[in-house]
Amino acid sequence: MEKTTILEKNETQSCCGHGHDHAHGGHTKDYMIITVTALLTGGYWSGLLPSIAGVDTALIAAILCGYPIVREAIRAICQRGDTKVGLLVSIAILASLAIGEYFAAAEVALIMTIGELLEHMTLEKANLALQKLAGLAPLKARLLKDGVEQEIAAEAVQVGDQLLVKPGDKIPVDGLVTAGYASVDQSAITGESIPLERREGDTVFGGTLATSGSIELVATKVGQDTALGHIINMVREAQESKAPIARMIDRWANWFVPLSLTIALLVYLVTGDIVRGVTILIVFCPCAMLLSTPTAVAAAIGAAARRGILIKGGEVLESAGRIDTILFDKTGTITIGKPQVKAVRCFGSRDRAFILGIAAGIEKRSEHHLAKAILQAAAEEDILPVEPDNWRPVIGQGIIAGYEGIGYLLGNKALLTGRDIGLTAEQAAYCDAEQALGGTVVFLVEGDAVVGMLVIEDPIRQEAAEVLSALYPKQVAGLVMLTGDAAAAGHAIGSRLNIPVIHGDLLPGDKVNFIKEYQAAGGKVAMIGDGINDAPALVKADIGIAMGCTGTDIAIEAADIALLSDDLRKIPEAIQVSRRAYKTIGQNIIVANLINIVAIGFAAVGILGPVAAAIVHNAGSILVVLNSARLLRSAETANVA
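Residue 583 in numbering that gives the first Met the number 0 sits at position 584 of the sequence shown, and the numbers go up by one each step.
Everything labelled a hint here was simulated from the structure, so no lab data went into it. Built from N, CA and C at the ideal position, the CB exists for glycine as well. Where hints are given, some of them may not hold.
Said to hold, decoys possible - Calculated cross-link-like contacts (lysine to aspartate or glutamate; reagent style EDC-like; alpha-carbon spacing at most 20 Å): (1) K337 - E196; (2) K515 - D504; (3) K337 - E456; (4) K523 - D541; (5) K341 - E317; (6) K28 - D55; (7) K341 - D224; (8) K341 - D419; (9) K220 - E150; (10) K139 - E154; (11) K165 - D184; (12) K515 - D541; (13) K523 - D504.
Said to hold, decoys possible - What follows is a list of derived Cβ distance ranges for each label pair: (14) T34 - R629: 29 to 39 Å; (15) S182 - A519: 45 to 55 Å; (16) R74 - D272: 26 to 36 Å; (17) R74 - M120: 44 to 54 Å; (18) P166 - A618: 22 to 32 Å; (19) L265 - G585: 44 to 54 Å; (20) T423 - P458: 51 to 61 Å; (21) A618 - T177: 51 to 61 Å; (22) K165 - T202: 18 to 28 Å; (23) Y267 - I596: 17 to 27 Å.
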């Protein structure tokens, strides 16, 4: 994995400064310019160095420190058509030089450069999350070739290479374990604090740590294609994306230049003092305003990523902060997503082995989550699945199949109802009792009679009750559970968790329709699901949140927010981070505007001079950046409560 490739795109652009590339923390040139300019202005002010080779020392200092600012302003206009970056400050410096105020021009340029340096250093801290993610990429790998171990650069690993991972090693790439056993700490990728056991057949991710044990693996994804590579790229793109409020501020800022020039000219015409006009140009530059949103977005998204929460950009962050209704899919979100056969009830002459054999045979081709439970139950009892003569799925209901000339149905009650197959009183009572306990009942029909019922349970997540009580009604006004299972089973689980609204017997399209209903009623809706069966609903919701993603899942494509672990507690955290970011953006905008308005007033009446204006201007920008940086700490200390 190439760390430099990931990070070198991350260039920090100052609003008023010269925009050096500080991606790698290189401030040497800034230090040199600041030091030399400070010495020159100090020498001029003290009278020890009034001139150098007949040239005014203050003029030399102003050119040395002001040239990069003016150059970047011209470049911004020519290359990007951007009149916001440093134009007003550049005009102020040039105007000061034109009227012979060399010392004022030098001081303004010096203070602006110092302010920009402090701004960059603070922004780099806010961007530390991305650097830490890139730092997870290991530098070395142990390649196994013909049974011989050799150490190579991790970036040299190719798909299909056989690798060895020893205790304490970082796993170099994504791979499939082929031999051995290890305990792997995936906290850096998924946010899970407890190391997971990994053995033959399991998947491992690059950048995770083998805390104990040793494994051999075959590389399946390398470089930017790994889960870590995808995550880093997503976080970088998200941090660079603009929230709607940022686009509005950008449009507003375009009016600042003509407005400030007009006000500066009016002040000069009224007072006859050109210095006041120059001062207004300095304080009017909208740097703090322009920084108010992107700094908060970058800090919030970076902090969330370090906790295993991937937020896809500023627009998602802003929308998530306004969510008032949350819809949960039941399976794999509220439950752990690993259903198990709890009971098999036989009717007529058919026994348990027959029921499981037929059911497992029918489910062999199915990708439904309940199919795995039935196949696992048959395997545990050494029952061989039959080979159906024919097989046809019925979406949202079950499967129609044939075996040895006899027709079979395997599915939910809707599959039976649509074919006029009824239940006996005994069967109906058993079904109702199991569903009331939260079980999912799968019916096996032979010919036109129910010969078996399989009761399947999916355990509720341990943290579900705690998380749901934290969300409703404290954080959201509406909480809804959606499930394709029987309504009775859904209500049984929902009542245990105090979920106020439960909808059962749903097809995938029904979930989308419910989202539309809540949106039509004015709700800002978040949908939480597994990202596969729920992909249409995740896309339709205002915010789609997918759980248990690993950087390459389809869930990440469908969702707006991807949780890298199955921990439900990440959901309140994601909402809290979004709301804190939205609140911080508001604070930043108020601070930026307040400082600008007061400073303009002081400049107009002559209280504020050019040098003081430069200090105030930079103070506003630094305050905004520092306020945004608080999101890094607040996200790390976030908890469910």
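Here is how each hint holds up against the structure:
no.: 1; hint: K337 - E196; result: 17 Å, holds
no.: 2; hint: K515 - D504; result: 18 Å, holds
no.: 3; hint: K337 - E456; result: 9 Å, holds
no.: 4; hint: K523 - D541; result: 6 Å, holds
no.: 5; hint: K341 - E317; result: 44 Å, violated
no.: 6; hint: K28 - D55; result: 24 Å, violated
no.: 7; hint: K341 - D224; result: 40 Å, violated
no.: 8; hint: K341 - D419; result: 27 Å, violated
no.: 9; hint: K220 - E150; result: 19 Å, holds
no.: 10; hint: K139 - E154; result: 8 Å, holds
no.: 11; hint: K165 - D184; result: 13 Å, holds
no.: 12; hint: K515 - D541; result: 10 Å, holds
no.: 13; hint: K523 - D504; result: 24 Å, violated
no.: 14; hint: T34 - R629: 29 to 39 Å; result: 31 Å, holds
no.: 15; hint: S182 - A519: 45 to 55 Å; result: 50 Å, holds
no.: 16; hint: R74 - D272: 26 to 36 Å; result: 32 Å, holds
no.: 17; hint: R74 - M120: 44 to 54 Å; result: 23 Å, violated
no.: 18; hint: P166 - A618: 22 to 32 Å; result: 51 Å, violated
no.: 19; hint: L265 - G585: 44 to 54 Å; result: 31 Å, violated
no.: 20; hint: T423 - P458: 51 to 61 Å; result: 30 Å, violated
no.: 21; hint: A618 - T177: 51 to 61 Å; result: 59 Å, holds
no.: 22; hint: K165 - T202: 18 to 28 Å; result: 19 Å, holds
no.: 23; hint: Y267 - I596: 17 to 27 Å; result: 20 Å, holds
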